[in-house]
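K.L.:
All chains, full assembly: derive it from the sequences and hints.
Order-wise, the sequence lines are chains C and G. For the first sequence, our numbering begins at 109 and goes up steadily by one. For the second sequence, our numbering begins at 109 and goes up steadily by one.
The set of hints was computed from the structure by calculation and includes no laboratory data. None of these values were measured; they are calculated from a predicted model. Incorrect hints may appear among the rest.
Identical chains share a label here; the pair holds if one copy fits it or two copies do between them.
With a cut-off of at most 25 Å between alpha-carbon atoms, the simulated PhoX-like pairs for lysine-lysine come out as follows [to be verified]: (1) Lys208 / Lys326; (2) Lys168 / Lys298; (3) Lys197 / Lys294; (4) Lys262 / Lys169; (5) Lys197 / Lys360; (6) Lys313 / Lys169; (7) Lys169 / Lys153.
Protein chains: 2
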Amino acid sequence: MQKLNQNPNIVLAEIITIGDEILYGQVVDTNSAFMGAELGKIGIKVKQITSISDEATHIKKALDEARTRADVILITGGLGPTKDDLTKKTLAEYFGVGLKLNEQSLVDVTEIFQRYGREVTEINRQQAFLPENCLPVRNVLGTAPGMWFEVDGKILVSMPGVPFEMKRMMTDIVLPRLQQHFGLPKINHKVIMTIGIGESFLAEKIAAWEDNLPPNIKLAYLPKLGSVRLRLTGLDNGTGDLETEMQQEVDKLSQLIPEYIFAYGEVSLPEAIGHLLKEHYLTIATAESCTGGNVAQKLTSIPGSSAYFKGGLIAYDNAVKVEQLGVSETTLQTFGAVSEETVKEMAENIRQLLKTDIGLATSGIAGPTGGTPEKPVGTIWIAYADAHQTIARKLSYNKTREINIEYTTMAALNLVRQSLPEIFRIG
Amino acid sequence: MQKLNQNPNIVLAEIITIGDEILYGQVVDTNSAFMGAELGKIGIKVKQITSISDEATHIKKALDEARTRADVILITGGLGPTKDDLTKKTLAEYFGVGLKLNEQSLVDVTEIFQRYGREVTEINRQQAFLPENCLPVRNVLGTAPGMWFEVDGKILVSMPGVPFEMKRMMTDIVLPRLQQHFGLPKINHKVIMTIGIGESFLAEKIAAWEDNLPPNIKLAYLPKLGSVRLRLTGLDNGTGDLETEMQQEVDKLSQLIPEYIFAYGEVSLPEAIGHLLKEHYLTIATAESCTGGNVAQKLTSIPGSSAYFKGGLIAYDNAVKVEQLGVSETTLQTFGAVSEETVKEMAENIRQLLKTDIGLATSGIAGPTGGTPEKPVGTIWIAYADAHQTIARKLSYNKTREINIEYTTMAALNLVRQSLPEIFRIG
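P.N.:
Here it is as structure tokens:
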């Protein structure tokens, strides 16, 4: 069905989350952010997010209000035996229908129990009974099926509040069905990951390119901890090959800012560095002072990182820098622990000690105390060393301890990308 | 003013957040969770959270709806020059009043600009103009003042969406004023931090104590990554000394579960371990395999941790375990890297290498790959060593890589607390 007003760009949605734990601040509502972003990607705009209590009257009131402003209503929470299936019962009442057994849902619930070698309980069997007027939405990861209702041309979908169950349902079933139902045009996305340049400087650098984007391609800036994601959204207007058209724009952009792009697509910096090292059979070791293990932690957060990460030393105390890492006492006394000289020795020495291709080091004052007039809090040195070169950079941050550490970690990983010989580069 | 129905326990609130960035999922709404939790602490119950778009008509509609169900309406967002002060203008329109200059707000704005050595711009001067019928709420951290309205016995407060500005306003001004306005009884909180026991087992162990709590003291379970926070909320009913009464209940609880309590008050486990080590002049070093630096990272996330954390080795590769950490090749070959024998050597050796009082080690299979039938993914060993003893524990998790690493880190830190000689204990 096409939307009545024939303008597919303004399908509006409302998200309703049910559960006291969100209202009382015991849980942060991350589900709605996921749904809002995913709906946006297929051209559906979220008009309101409403979080309400576990009460039937409140749910019905919220549904009435939502129907006055939205074409699509997505509900999460209030399903499952511990919630007494409140949402399901309330929806049946709201629509004035009974519950009937859905065979497929019963098979699904039974299968989940068999997987854990248990018998289906009567309570869980009840979960396969759904309002007569709904289309079930399969839940392959849990026992509470979703429900899809169509009323007066509006779509209402009820899903569990468990994030991974909801996400799987959205991706596999709800989003494609919404696209089809509203006859939404094909939308494409291309993501370009950048690092090392702030949002406003980036915007300036690519302003001319952005201004010349075709009218069916839009750009969004999505900044996060020192990295800026650029997302192109293309609307298929039937005049050409959208994929080719978008790739051309990405190519133009790549030529404008090659030094800041670390990946194409939704890839984190530790993942991108991991790919790069793995692809070229390079190994790495870390020597960290102020980051206290955070660089190693980020590198090893990636599955399979043992292929390139051999290990690291956290040389917090100066004695450890000297005795374990072999930094010269003269260097430490002459230049201090937070200096170009020290951080270079750290990177070079860890590389030799752990017999890796690359050594990466950090040393600085994360704060909140420990600063001096010459080296205030946020003064940080990072260094990269390989068989042919050692490169150091000075950073100056003026943030909290936590953010100083995070930014330094990102800058250190980025230094690997920037310092690798040309033939190993991504860009 | 006392609430009309004279039942101070049911003051109801609605939170309205204004801004497309939340609707489109670019930002997760953490403000509402903070406000919900803080209101709960003074006995105000959040009935609904409504996130709406940056549009005057939508704001007015939401206000109308909120007034039908709440005594208190807290609004965040839509203030400040970049937002065109939409919320302020809309509120003036909604109440049919004009804007007038608030001298104190102008002084505050001017002061903030002077701090950065800049002149107040005309746009920022406009921020000191507020709706005639409001009481200004000072913003000591930013240029947009908050606004407090009283209409038909209901309270409506508008605050900036910048989290740290909003939080400061809530804590310093809004919460105390709400308590006073509604004549809310004094409420006290006591938080007890536990680790090493799941919520349901904990609930069983303390069921009798919980059942016997005086009617004016309530208990809440707040679980988070392997740790469970217990929060007692006491209502001053004027019959005795609430503080003493609550402390007695905490004391009883302490005797029931001494082994699981790691702190009193809102203290994280790394902080608690840090206090403990610092207090007793003890030093620690880490030798990590599967946690990849996460234990050290957590320890060094605490300001001042250099007093007790000397450093650590991340021995990801077995060669690093042998060459840098001195784990015997025979041990590795006979028992494997993930074994009691290896992890004990790791803890003992890092302690000797870095000359610390305590050595802490982890070795395991974080996943998603690398498991075997005998040692499936999630098989993890941790060990603690001091001058007198070495203690190892086997863990078995069946979660994602990220959660396996987080749980192992918490368990390792907890092992320090559990293994320290009696005289150093907290409990």
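K.L.:
Would you mind marking each hint as holding or not holding in the structure?
P.N.:
Status of the hints after comparison with the structure:
{"no.": "1", "hint": "Lys208 / Lys326", "verdict": "neither (46 Å within a copy, 40 Å between copies)"}
{"no.": "2", "hint": "Lys168 / Lys298", "verdict": "neither (39 Å within a copy, 37 Å between copies)"}
{"no.": "3", "hint": "Lys197 / Lys294", "verdict": "neither (36 Å within a copy, 39 Å between copies)"}
{"no.": "4", "hint": "Lys262 / Lys169", "verdict": "both (17 Å within a copy, 21 Å between copies)"}
{"no.": "5", "hint": "Lys197 / Lys360", "verdict": "neither (54 Å within a copy, 42 Å between copies)"}
{"no.": "6", "hint": "Lys313 / Lys169", "verdict": "neither (49 Å within a copy, 41 Å between copies)"}
{"no.": "7", "hint": "Lys169 / Lys153", "verdict": "both (22 Å within a copy, 18 Å between copies)"}
Hints 1, 2, 3, 5 and 6, counting from the list given before, are not met by this structure.
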